[in-house]
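Novice: Next come the chains, spelled out residue by residue.
Number of protein chains: 2
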Amino acid sequence: MSEIKDFIDKNSPRFLDELFTLLRIPSVSSQQEHREDMYTCARQYVVSLMEAGADKAQIYPTTGHPVVYAEKIIDPGKPTVLVYGHYDVQPVDPIELWKSPPFEPEIRDGAIYGRGADDDKGQSFMHVKAFEYLVSRNELPCNVKFLIEGEEEIGSPSLGAWARENKDMLACDVMLVSDTTMISEDVPSINTGMRGLAYLEVKVTGPDKDLHSGHYGGAIANPINVLCSMIARLIDEKGRITVKGFYDDVVELSAEDRALLGRAPFDPEHFKKSIGVSDLAGEEGYSTLERTGIRPCLDVNGIWGGYTGEGAKTVLPSYAKAKISMRLVPNQDHKKISRLFASHFTSLAPSGVKVEVQEHHGGQGFLAPISSPVYQAAAKAVGQVYGVDPVPSRGGGSIPILAELEGILNAPPLLMGFGLERDTIHSPNESYLLSQFYRGIESIVLFYKYYTK
Amino acid sequence: MSEIKDFIDKNSPRFLDELFTLLRIPSVSSQQEHREDMYTCARQYVVSLMEAGADKAQIYPTTGHPVVYAEKIIDPGKPTVLVYGHYDVQPVDPIELWKSPPFEPEIRDGAIYGRGADDDKGQSFMHVKAFEYLVSRNELPCNVKFLIEGEEEIGSPSLGAWARENKDMLACDVMLVSDTTMISEDVPSINTGMRGLAYLEVKVTGPDKDLHSGHYGGAIANPINVLCSMIARLIDEKGRITVKGFYDDVVELSAEDRALLGRAPFDPEHFKKSIGVSDLAGEEGYSTLERTGIRPCLDVNGIWGGYTGEGAKTVLPSYAKAKISMRLVPNQDHKKISRLFASHFTSLAPSGVKVEVQEHHGGQGFLAPISSPVYQAAAKAVGQVYGVDPVPSRGGGSIPILAELEGILNAPPLLMGFGLERDTIHSPNESYLLSQFYRGIESIVLFYKYYTK
Numbered sequence: 007m008s009e010i011k012d013f014i015d016k017n018s019p020r021f022l023d024e025l026f027t028l029l030r031i032p033s034v035s036s037q038q039e040h041r042e043d044m045y046t047c048a049r050q051y052v053v054s055l056m057e058a059g060a061d062k063a064q065i066y067p068t069t070g071h072p073v074v075y076a077e078k079i080i081d082p083g084k085p086t087v088l089v090y091g092h093y094d095v096q097p098v099d100p101i102e103l104w105k106s107p108p109f110e111p112e113i114r115d116g117a118i119y120g121r122g123a124d125d126d127k128g129q130s131f132m133h134v135k136a137f138e139y140l141v142s143r144n145e146l147p148c149n150v151k152f153l154i155e156g157e158e159e160i161g162s163p164s165l166g167a168w169a170r171e172n173k174d175m176l177a178c179d180v181m182l183v184s185d186t187t188m189i190s191e192d193v194p195s196i197n198t199g200m201r202g203l204a205y206l207e208v209k210v211t212g213p214d215k216d217l218h219s220g221h222y223g224g225a226i227a228n229p230i231n232v233l234c235s236m237i238a239r240l241i242d243e244k245g246r247i248t249v250k251g252f253y254d255d256v257v258e259l260s261a262e263d264r265a266l267l268g269r270a271p272f273d274p275e276h277f278k279k280s281i282g283v284s285d286l287a288g289e290e291g292y293s294t295l296e297r298t299g300i301r302p303c304l305d306v307n308g309i310w311g312g313y314t315g316e317g318a319k320t321v322l323p324s325y326a327k328a329k330i331s332m333r334l335v336p337n338q339d340h341k342k343i344s345r346l347f348a349s350h351f352t353s354l355a356p357s358g359v360k361v362e363v364q365e366h367h368g369g370q371g372f373l374a375p376i377s378s379p380v381y382q383a384a385a386k387a388v389g390q391v392y393g394v395d396p397v398p399s400r401g402g403g404s405i406p407i408l409a410e411l412e413g414i415l416n417a418p419p420l421l422m423g424f425g426l427e428r429d430t431i432h433s434p435n436e437s438y439l440l441s442q443f444y445r446g447i448e449s450i451v452l453f454y455k456y457y458t459k
Numbered sequence: 007m008s009e010i011k012d013f014i015d016k017n018s019p020r021f022l023d024e025l026f027t028l029l030r031i032p033s034v035s036s037q038q039e040h041r042e043d044m045y046t047c048a049r050q051y052v053v054s055l056m057e058a059g060a061d062k063a064q065i066y067p068t069t070g071h072p073v074v075y076a077e078k079i080i081d082p083g084k085p086t087v088l089v090y091g092h093y094d095v096q097p098v099d100p101i102e103l104w105k106s107p108p109f110e111p112e113i114r115d116g117a118i119y120g121r122g123a124d125d126d127k128g129q130s131f132m133h134v135k136a137f138e139y140l141v142s143r144n145e146l147p148c149n150v151k152f153l154i155e156g157e158e159e160i161g162s163p164s165l166g167a168w169a170r171e172n173k174d175m176l177a178c179d180v181m182l183v184s185d186t187t188m189i190s191e192d193v194p195s196i197n198t199g200m201r202g203l204a205y206l207e208v209k210v211t212g213p214d215k216d217l218h219s220g221h222y223g224g225a226i227a228n229p230i231n232v233l234c235s236m237i238a239r240l241i242d243e244k245g246r247i248t249v250k251g252f253y254d255d256v257v258e259l260s261a262e263d264r265a266l267l268g269r270a271p272f273d274p275e276h277f278k279k280s281i282g283v284s285d286l287a288g289e290e291g292y293s294t295l296e297r298t299g300i301r302p303c304l305d306v307n308g309i310w311g312g313y314t315g316e317g318a319k320t321v322l323p324s325y326a327k328a329k330i331s332m333r334l335v336p337n338q339d340h341k342k343i344s345r346l347f348a349s350h351f352t353s354l355a356p357s358g359v360k361v362e363v364q365e366h367h368g369g370q371g372f373l374a375p376i377s378s379p380v381y382q383a384a385a386k387a388v389g390q391v392y393g394v395d396p397v398p399s400r401g402g403g404s405i406p407i408l409a410e411l412e413g414i415l416n417a418p419p420l421l422m423g424f425g426l427e428r429d430t431i432h433s434p435n436e437s438y439l440l441s442q443f444y445r446g447i448e449s450i451v452l453f454y455k456y457y458t459k
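Residue numbers (our numbering), protein chains in the order written: chain Z, 7 to 459; chain V, 7 to 459.
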């Protein structure tokens, strides 16, 4: 058994205990009621980083939730790795579908269950433990900085400005990020690109109060019916988004690049079964992995209006609302897309209703450089731990801030994620396999070694 | 001043006090938590009816909420009027829009504010007071029965069976109902027909759990997007409902009948202003009053799915639901329409989603006989009180049970309603004008006199 494996084996109860302390803090960044929890969680990260061997670790206020920054500088002449992660988590609704309470982590069938178990407390904590190992053995081969933010799930509204102000402190050669998935335990993969995001909220208002549907039904535009019709018209029968100009900046991949991506193993039957659907859908002319990896899409993330309680209420409601987001591909600008969407959506409204569009957040997609020494070091590390070479893959999700940080720090991000689809992040019963947690720590240690060789 | 006006003037503080006692009871029939309140409210009606002079008044259990029945038989050989009303009310959501708590009635600007102020505690209570007046003066000219039910707002699921069992007890010559509106205080009207109702709830399910919209977005059918598309296809660009066979039983009115209805005064600008909309909408080729009176319509009464809380959540939800109701015209059978809807709606689903349709409740529309002595008596009474002849009108709402009771009891209903659009029944800040409350009592007293002359 290797020394690192042995270290993990001996210390795993303590690692889990420390991680569970983080998981118990309900650091939901989108909800005001958790404002204090954000500080509590940030403080706990500072404690963990100091205990792991950082020279300094502290909380920095921002215009939003605070940022945790830590560093260990062994030699200013050596390369510097900046570990990026986030301590904030998604809301827990629908709470009733959780088998165990989201903020009372527990282990079942070899996996940690709890909000943040994977995204991103579990994954970011692997870096803390890999760092601890290297420091404890005096084997840290380069400078390491940690940037753990508290607003990733709400689009990192404050981090860009803060990073610009603290550009020198954050200076690095590569940003190392574990906040994505790999294809499977048998088919490890390393993410080479992420989609961007434009997230908006829309409101359609008809009458200025709720009305009796018997007295008014048939005579005025019902805002729910109208909203449904407007949403229905956002995607055409070929699965393409109808927003004018939406595809203008989308780069079509070459046949060669598509063939390369097509090498990633994908079993549609298994995929369908894993999420309980009988059929797949999406943009005509693209495979499922292309649809989630290299093509943009539009989803309604939430909708509400009128009476939603028990039984029946014959109301013609005053308004209806929806949260609508678009995943973007590299080269699409989320601000431009948000503008195009707002203008197109408003143009779909019939007379007699008022439409409001509010921008929630957004971020650019990006492509990571596959041929770089950083990627090669990661591939070697992961390949050694998993016993098989990782395949390059494109992630459908978004880490909106990464493209911005890349611009500020002039350092490429490397997305070495250990999550699996089965972790159901953002959903009830989020989990993280213990085996992935341990192999992640091991892979990160090896990455440092190969990166600095 | 007439004797009845004098009586109302002297007793109005007591009348309001008694009515407020009823309004304070939160008898929301659709919500289980109010089950006990239904009994409390029924008991209070029994008290009011006994105090007003009924020979007997009692609560009858049904398979649902109880029925209140009371009677005063002065001479079996004389005609019998059955007063129909209901003591149940609509839910109060959205509660935050109420200016005063819904179950703490108060008077502002000459109107009673509270849930049920008009629909139907306020209106049904006018009958109790008119009855009290006639009994107190020994002037009751005919037999009077009261049937006050507790399930009108949920489609009267139990009353039909109960009425069939108690057919003899309920025997009458006319059903007198105040549960509708008149055009305005200046243009009194009497309802000559009501629309029927078919109310359903639909659910579209995609994946078996909520998913991360980044990882899955673009690759599977999103149940909210799908539900919106299905709803959008229920009404065509001419405002006609696309459910196959929907219009088969709709009777087109003759040009003459349409012209008669067209005589009702209607100011579109005032109508739009009163509900805060900039434009009207509806089925092509029909006027607004026709759209709400003689034409069927389809409205989404509620919709929900995905994340509806504060901020943004990038979820691709497992399911989306909607409450959808159709107002029907006389001769359309609500059971047939519900079947046609379920079958049509299901046929609109793309592969990859599961559709469930659940029937909530329904009721037939009906037409009241305009030329009958009952209508003529009501017209004379209302005309005398308001100083202008009432116009016949068609109500857009539904009292689903009336058509059924008419069949069971073989007695026509007479809809003498004193509500106004401004009362915003079913909405926040339901109200009832004191002047309408008083003029209603007076009109009812006169109706008895003219009806038995």
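Wrong hints could be hidden among the right ones.
[As the list claims (entries may be wrong)] Over the 12 Å line for every Cβ pair with chain V, so calculated as not near, a few chain Z residues: (1) Ser219; (2) Pro398; (3) Glu412; (4) Gly413; (5) Thr430.
[What the hints assert, rightly or not] DSS-like, lysine-lysine: derived pairs with alpha carbons at most 27 Å apart: (6) Lys244/V to Lys327/Z; (7) Lys209/Z to Lys209/V; (8) Lys327/Z to Lys327/V; (9) Lys459/V to Lys279/Z; (10) Lys105/Z to Lys105/V; (11) Lys84/V to Lys209/Z; (12) Lys360/Z to Lys84/V; (13) Lys459/V to Lys327/Z; (14) Lys215/Z to Lys327/V; (15) Lys215/V to Lys327/Z; (16) Lys215/V to Lys244/Z; (17) Lys459/V to Lys84/V; (18) Lys215/Z to Lys250/V.
[Claimed, not checked] Restraint-style ranges between C-beta atoms, simulated for each label pair: (19) Ile65/V to Glu102/Z: 50 to 58 Å; (20) Ile113/Z to Asp339/V: 53 to 61 Å; (21) Arg428/Z to Gly315/V: 22 to 30 Å; (22) Gln38/V to Glu171/Z: 50 to 58 Å; (23) Pro356/V to Pro82/Z: 33 to 41 Å; (24) Glu110/V to Glu365/Z: 37 to 45 Å; (25) Lys244/Z to Glu258/V: 50 to 58 Å; (26) Glu102/Z to Gln390/V: 55 to 63 Å.
Think of the hints as simulated: they come from the structure by calculation, not from any bench.
The structure displayed is predicted, hence computed values, not measured ones.
Don't be surprised by glycine CBs; every beta carbon is placed ideally from N, CA and C.
Novice: Indicate, hint by hint, whether the structure satisfies it.
Specialist: Here is what the structure says about each hint:
Against chain V, the non-interface label of Ser219/Z is violated: not every CB pair exceeds 12 Å, the least being about 5 Å. Consistency note on Pro398/Z: stated as away from chain V, and its beta-carbon is indeed over 12 Å from all of that chain's, at 17 Å minimum. Every CB of chain V lies more than 12 Å from the CB of Glu412/Z, the least distance being 19 Å, so the non-interface label holds. With a minimum CB-CB distance of about 21 Å to chain V, Gly413/Z clears the 12 Å threshold, and the non-interface call stands.
With a closest Cβ-Cβ approach of about 6 Å to chain V, Thr430/Z is found to fall inside the 12 Å limit, against its non-interface label. For the proposed pair Lys244/V and Lys327/Z, the alpha carbon gap of about 25 Å is at most 27 Å, so the pair holds. Using a Cα cut-off of 27 Å, the hinted pair Lys209/Z and Lys209/V holds, with the two alpha carbons roughly 22 Å apart. With a C-alpha separation of about 14 Å, the suggested pairing of Lys327/Z with Lys327/V holds against the 27 Å cut-off.
Of the supplied pair hints, the one linking Lys459/V and Lys279/Z is violated, its CA atoms being roughly 76 Å apart against a limit of 27 Å. Of the supplied pair hints, the one linking Lys105/Z and Lys105/V is violated, its CA atoms being roughly 41 Å apart against a limit of 27 Å. Restraint check for Lys84/V and Lys209/Z: the C-alpha separation of about 59 Å exceeds 27 Å, so the hint is violated. Restraint check for Lys360/Z and Lys84/V: the C-alpha separation of about 58 Å exceeds 27 Å, so the hint is violated.
As the CA atoms of Lys459/V and Lys327/Z are separated by approximately 57 Å, the hinted pair breaks the 27 Å bound. The straight-line distance between the Cα atoms of Lys215/Z and Lys327/V is roughly 22 Å, inside the 27 Å bound, and the hint therefore holds. The straight-line distance between the Cα atoms of Lys215/V and Lys327/Z is roughly 22 Å, inside the 27 Å bound, and the hint therefore holds. A threshold of 27 Å between alpha carbons decides the hint, and for Lys215/V with Lys244/Z the separation of about 26 Å falls inside it, so the pair holds.
Taken as a hint, the Lys459/V and Lys84/V pair is honoured in the structure, with Cα atoms around 12 Å apart against an allowance of 27 Å. Proposed proximity of Lys215/Z and Lys250/V is contradicted: the alpha carbons are some 32 Å apart, above 27 Å. Here the CB-CB span from Ile65/V to Glu102/Z is close to 37 Å, at odds with the stated 50 to 58 Å. Range check, Ile113/Z to Asp339/V: Cβ separation about 58 Å, and the 53 to 61 Å hint holds.
At about 26 Å, the CB distance of Arg428/Z to Gly315/V agrees with the hint of 22 to 30 Å. Between Gln38/V and Glu171/Z, the C-beta spacing of about 56 Å keeps the proposed range 50 to 58 Å intact. Between Pro356/V and Pro82/Z the Cβ separation comes to about 59 Å, which falls outside the hinted range of 33 to 41 Å. For the pair Glu110/V and Glu365/Z, the beta carbons lie near 40 Å from each other, so the given range of 37 to 45 Å is met.
A hinted range of 50 to 58 Å is violated for the C-beta pair Lys244/Z and Glu258/V, which are about 40 Å apart. Under the hint 55 to 63 Å, the C-beta atoms of Glu102/Z and Gln390/V, about 59 Å apart, fit the expected range.
Checked against the numbered hints above, the structure violates hints 1, 5, 9, 10, 11, 12, 13, 18, 19, 23, 25; every other hint is satisfied.
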